[in-house]
Each structure stands twice: as C-alpha cells, then as structure tokens.
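Protein chains in written order, with the numbering used here: chain A, 1 to 244; chain B, 245 to 488; chain C, 489 to 697; chain D, 698 to 906.
What the hints contain is simulated information worked out from the structure, not anything from laboratory work.
All of these numbers come straight from a predicted model, not from anything done at the bench.
Please note that a few of the clues may not be correct.
[Stated by the list, open to error] To be clear about the criterion: a stretch of chain D counts as covered by chain B if any three or more of its residues have a C-beta under 8 Å from a C-beta of chain B, and this derived list gives those stretches:
(1) 754-765
(2) 814-822
[Unchecked claim] Within a straight-line C-alpha distance of at most 25 Å, the following computed DSS-like cross-link-like pairs (lysine-lysine) qualify:
(3) 306/B to 883/D
(4) 62/A to 528/C
(5) 528/C to 79/A
(6) 834/D to 323/B
(7) 439/B to 323/B
Beta carbons are placed, not taken as given, at the ideal position from N, Cα and C, and that holds for glycine.
Below are the chains, spelled out letter by letter.
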Amino acid sequence: MGKRSKVVASFDEAVAGIADGSTIAFGGFALPGSPFNLTAALLRQGAKRLVCVGNTTGGPRKPRNPDIGMLVENGQVAKVICSFTAAPRASDVLPFTPYYERGEVDAETVPQGTLAERLRAAGAGVPAFYTPAGVGTQLAEGRETRVINGREYLLEYALPCDVALLRCYQADEAGNLRFRRAQRNFGPIMAMASKLVIVEVEEPILPAGAIDPDEVHTPGILVQRLVHIPPAPDAIWPTLKETR
Amino acid sequence: MGKRSKVVASFDEAVAGIADGSTIAFGGFALPGSPFNLTAALLRQGAKRLVCVGNTTGGPRKPRNPDIGMLVENGQVAKVICSFTAAPRASDVLPFTPYYERGEVDAETVPQGTLAERLRAAGAGVPAFYTPAGVGTQLAEGRETRVINGREYLLEYALPCDVALLRCYQADEAGNLRFRRAQRNFGPIMAMASKLVIVEVEEPILPAGAIDPDEVHTPGILVQRLVHIPPAPDAIWPTLKETR
Amino acid sequence: MPWSRPQMAERLAREFQDGWIVNLGVGMPTLITDVDMGEKEITFHAENGVIGFGPVAAEGHEDIHLVDASRRFVTLPPGAAIVDHADSFALIRSGRIDVTVLGTYEAAANRDFANWKVKGAKGGVIGGAMDLAACAKNVFLMMEHRTRDGTSRMLAECSLPVTARGRVNRVITELGLFEPTGAAFKVLDVAPGVTIDDIRAATAAPVEA
Amino acid sequence: MPWSRPQMAERLAREFQDGWIVNLGVGMPTLITDVDMGEKEITFHAENGVIGFGPVAAEGHEDIHLVDASRRFVTLPPGAAIVDHADSFALIRSGRIDVTVLGTYEAAANRDFANWKVKGAKGGVIGGAMDLAACAKNVFLMMEHRTRDGTSRMLAECSLPVTARGRVNRVITELGLFEPTGAAFKVLDVAPGVTIDDIRAATAAPVEA
C-alpha cells in the first residue's frame, strides 16, 4: 500500500481523460462535500454527453458555484439523475429547467434514499433490490413491484458510475479519505459505485499511515486520484455567506 | 440525546427479558467482537427455541469461550443461521454437529457475504435483493434466480433480528459505539438489523460527547443497553493463547 | 386568531412522545427545532446523515461543514453522530424514524399527500420525502390551510401526484390540528378564535368536529 | 522433487500483477503473506474488513483485536483501513478483488471447484468462499494434487458440491501450476524433477502439456 502516491498536481490533471458519455457522480449535499473545483475543471475539460448523478442539478441561488446545472448550460450533459429536478417554489426556476423543458437534456427524478441505495448497491455488487419508497406514486407507474411479507415494494436497479467527483476534509497518499461532519453524505457510496474516484481534499495530503485505520471513512483501494485544494483565490472555498 | 443513560449494571441485567423464540445475532469473527460475556449471561438466562445468527456456531478449539454451540448444548436453540455449520477438516467435529445430525437443531448455511448483506438489508429497510454468490451451487437449487444484464443472480431476503449481542471497544452513554480493528466485522450491521441491541464494552463507558461524531461506527439511536466489562476473573477477557 | 407558524410548530411538537427520533422537512417544519421540548427527550435526524443535531448555530459560530437537510448551519450537542447517506436512509427505511414532519402542497382526508410536483411541472422536488413518507412510523404535515388565492389545500383526495398513499397521521395548519381518518379530517385542536365553521369553509373535504 | 508449500506460495504469487488486491483463504493460501513480492505493490484484503494488512505479528507484538480471515494476528502497515463486514463483501461482490487464493477439496478442468462440503456432511464450510469465487476477477486454487489415499483432487468435473461454476483461472499443487481450460488442465509450470507423466498419473482429467 502507498508505495505510489495517488496525488496529482492540479484539478485539470485530476479530470484528464474523462470520456464523452461517462456517467459521473457528483458528491455533496448543499455545500458540504460538493466538488466545486473538480466540477470547474470538468467545465474546462469539456467532456460531452455526460450522465450526471447527484442530489440536485443545482439550486436557483446566487452566487452560484460550479454544479451540474452549469455543465448543462455548457452543453456537456445528456441526462441527469437527481432527487431534485425542479425548484421547490413554483416562482423559482432552476438554471437546468429551460434545457429540460426544451428537451435538450433528459432527467430521471429519484427519491433521495433510492438514489443513495442504488449507488450503494452498485458499489456492493447488488444488481437490484426492493424498496418501499415511491410505491403507489407516479414514479411506480408501469414498473415492477413485488409483495413481500404483505407489503408492496418497488424493484430498483443499481446505479454504477464511471467517475465520482468528491470533496473531503483529509486524505492520505494511499487514498484513504476522511469527511468532516455533514460533508460525508454521498461521498462513501459514490466512491463505492464508481470505477474512477477523484477527490479534492481540503487539508494537505497526509503521508500513508497518518490516518488511524479505524477512522477511515472510505478505504484507499476505492480512490484513484487526489488533489489538494490550494488557498483562495486559486481555488473555490465557499464562505458561509454564499450558502445561507 | 443522552439525557438518560443506556448503561446497565450487569450482564444478567443486560440480557433480561429476551423472549423464547427470539432471533439473536451474535457479533464477532473469530475472537474480536465476540460477545462472550453476554452469551454466558444468555446461557444463565435460559431463553429457549432461539434462532441464532452468527458467522459460525463455534469451532472445535479448546479452551472454549461461550458461543452458539454452547447454547445448542444447553437446549436453548431451535435453529442456527451461519456461514460455517461444519468443521473445515473432516477429522474435526464441531460441538454443534451431533445435535444437528440428530435433528435436534436446524441449520441454514449461508455464504458469509450473503449473511452480511441480508443483515444489512434488514437494517436498511430493503426486504430482498439479488446476489451472484451461490448461483449454480446446491444452495441455489429450487430457488428464485433472475438474469440482470446477462448475468444470473439469486434472490435473497433480509434477515431481521430481535436482538443483537455485540462486543465493542468504546461507547458513550448515548449508545454511540466504536470498534477497534477487526472487532468491527458484523457489529454495525447486526446493530442495524436488530430491534434490541445489547453491547459489552471493553473500556469504561464514556460520557455523551466524548466520542467525536465523525468517529462513531454505530450511532447510539440503534443501541439500547450497554454494560462495561469488569476486569477478569469477574468477566471473560480471552488471551492470545486461547485464540491461536 | 389563527396560529402563527411558531405556534403551529409548538402545537405540533406537543404530539411528539418522549424518546422519539424526529425528521424535519425543508421550510416550515424546521421551526420545530426552536420549540422547548420540556422533559421530553427528542433526537433530530437529518437525511444528510446528521443524527442528534441541535439548534441553529449562533452567528459567528457556524461550522461550514455542518448543515441539516434544510441547509441550515446547525450544532451538535453531546451524543450526536454522523453517518453517510446510505446509512441515513437505512435508518429511515428500516422504520427508526418515529415521525417525519413535512411541508406539503396538499393533504387529503384519505391520508394521502402531495408535496413533490406542482401542476404542469416537468421534473420534481422529491428529496427524501418519498422514503420518509413511506417508512416513518408517523407522518405529520405542516402547511397553510389554503393557497394564496384561497383554494383549499385540505382535500378529500389529492389533485396533484401523491408522495405516498395512506400514510398521514396529523396535519397542522394555521386553523387547527387534524387527523385524516380516511373519510374526513377529524379536528383535534383549533386555533384560538377559529370556529369549526371557519374550518369547514376552508376545507374541501368533510370535517369531523 | 515436488514443491514445498512455501515454494507453491512463491510460485503462485509470481502470477500476481502489480497493483493487485489479493484475498487469501484459510490454510495453505495464508503462506502467501510470507512471499517477497519484490517491486510489485500488493494489497491484502481479508473478509473481516481488514484492508492492506501486513505480515503476521512477531511474538509479543500481537494485537488481540487484529486478526485476518484465518484468525492470524496480523499487522497494519501504513495505508491500511478497516471496514465492516457488509462493506468488506461489497468490495468483493463489486469486483474490486483482483484475485482470491483458496484452498479446495477438488479442482476441475471445467473450471469448477468444490471446497465447502465433504461427502456425507450435513452442513457446510462456506465462509466467504462462494462470494469470493463468484466475484473475484481471478480465482486461484492451492491444494495437494491427491488425497492421502492417493485419489486425485484434479478432476474433469467435481464429485463434491461445487462452490462456483466456471470461475477458476489457476491451480497450483505440489506437482505444478495449471490453467483449467474447460476440457483439460493446461500445464503452465512443473516442479523440479516432476514429469508430465507424473502429472498425468496423478490427474483424473486430461492434461495438456
């Protein structure tokens, strides 16, 4: 372990080689864990026809940080798979919405727990599972259900991804990750679900062995590329003001 | 959180009220995480017709520590669900084996990963899932399979338990658990799968807040009863010699 | 006089039982973290894996890594724990959440509700609501009794696509606290100065006083 | 002269590629942690969630909380991580293990093998073998070529209940290293002084030299 470092020097290097048509998981729930710098690099990198998986396409708030919605605006996205694909208030409009309404991008709207479990299933070699979420709703129309012990469940399939873009607090050179507080959210399961896991790291990358094995949140064997986030203004470090 | 302590004074108090017919998950893989003291208390408590879930019924080695095999010998077990229900070498005989051969106790032999995933599914509200393990073997005979993306999978059902008996390293009064090293094994998923989670704790129970929320392995809302393990000879503290 | 939103939060929280694990939806339900629970021990669970969180942080004491499911900068009292999204929804689907309090567009006497898709919208605002609605032991709704144009949100059956069927236990509005019984909304409490006739006039479903 | 067990371990480990994640079964396969891997970076994974473990602890330096899947007191070099049993088998089922090395009762030219149930046994000794056999990218077997009474363990088809079908890539015995091809065992290497005729005599399946 750790003979070779997984650290790369820049965000651009970190996203190099992501292919057109890739399915990409974007970590984060609200601000914590959102890979703003890697997303910005992907906007520059320009991969096309992406399938973007994340909790949301990005809200209507300003100032905006790089998100799936910006990739949509940049013409890089074929489809999104999210638990939010519209604005909570009818008066708000997501940047994503006009593209969706014009049919320029497709969307799959998934209950958040189902999204999490489909990612986890992909990372666990479980191709499909049953869940009670969504039964009896429009989402279940025409889909396969099954009654188990007297209750109706919906069949859901694993959601494997080609790439995960994540942000965490600490990492060592072997790729072991630690998230801080609510930053953990989708991070560990997106790492499990993805073939290429790329992480922007807030603290300087630690030498292998600096993280106690009991305190690792994502084991390094799941992680391929790490990049340390330089101080602002060379990188995106959102402030409290932007997220209120 | 933590206004009321979950700490009880003795192993006997910890297992009080476990009903006849309960399904009980026993933590541990080899020595680490095995709830020897709670198992000893269950032998005294005497609940009958138990369904015992664990990695193994207990090996042929001596000296023996309390295990599922002893509960079988004590006439308390109707069925075991384990990944090992025979001795690896034909020359060895598990204490459990004669009872099984005479039909006095039933057994379900389950691949270890399927056992882990069935427990995790129960704890995740997933009633059933598909797995590749066991396909094409005697275990799959007459059972439901399904081809997904060209590969054949076996349908497996969640394994919910009434009680989990676990051993961990540290806990706080709110029931948050930390396992040390290989002690973690089945602990977190058996806690997820069970309605009543009872834990023997190696270190003195910590006040709520003494464990950093990022370093909790099992959240306290899953745990009902904690008991601190007193020093030997008042409690079982296996030594290296016994486990070689 | 109808209840204010903090009064609605306070009244609804009186329905919580000691020891409950409580999940709060975005918007109005977040007011419940400000309610004094007295002797009751209540644990707040957020979809993003924050278990046992406390009140919103005082200004200047926010932790940029610590938000609840409504993006509020919250605090962590002793005993809190963090899990990932899969484990957080494992707690939800396995029935560990005693109550979820959700905002909604519509509540129905038949115990359905609709809070994820407005008329004509492409896409939806599901978040964790479908998992919570299907699996929490109790589903409480918190909402305005009518839309701004005066249309009732309290219906016999939902007009919008439902979030879950037959799962609602309580609905609180500015006018009162209700239990949907299948056929009607049963009145459990009424805001001061509000009459049953006021409620009937504002409700597009039978009301059982 | 047939290979010794350490020589079998050393020879089989030469089949590993740089960067592989390796899982070792109980018994003979554990000898592989003693092999000098040279420039190759190999990470050992154990079913009980110990990722990146190192050699067996020196006497007096054992950690009572730290065993591998064979109950050996191992060590944790820098970069190691611990996960629970569900996450450990998630790594296995999702194809993250490059090779599992398993002991076995029988290996078959049709790429089946049988290592969980002896004749007449009630119950079985499955452990993690079925998950590993079904999902590891490569399945290597390590075993004695014959039973003590001289019966071949190298068969055209298994006589015992199989652990997985069509998954075996390599078999090493004291006589040689083999690749089951479906119809035969193809000889990849031979222990010093052992002849192809010796192997044919000890094998109850076609041997392809």
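Hint by hint, here is what the structure shows:
1. 754-765: With 7 residues close enough to chain B, the hint holds.
2. 814-822: holds (count 7)
3. 306/B to 883/D: It is violated: about 43 Å lies between the C-alpha atoms, which goes past 25 Å.
4. 62/A to 528/C: violated (39 Å)
5. 528/C to 79/A: Not OK: residue 528/C and residue 79/A at ~46 Å, beyond 25 Å, violated.
6. 834/D to 323/B: violated (35 Å)
7. 439/B to 323/B: holds (19 Å)
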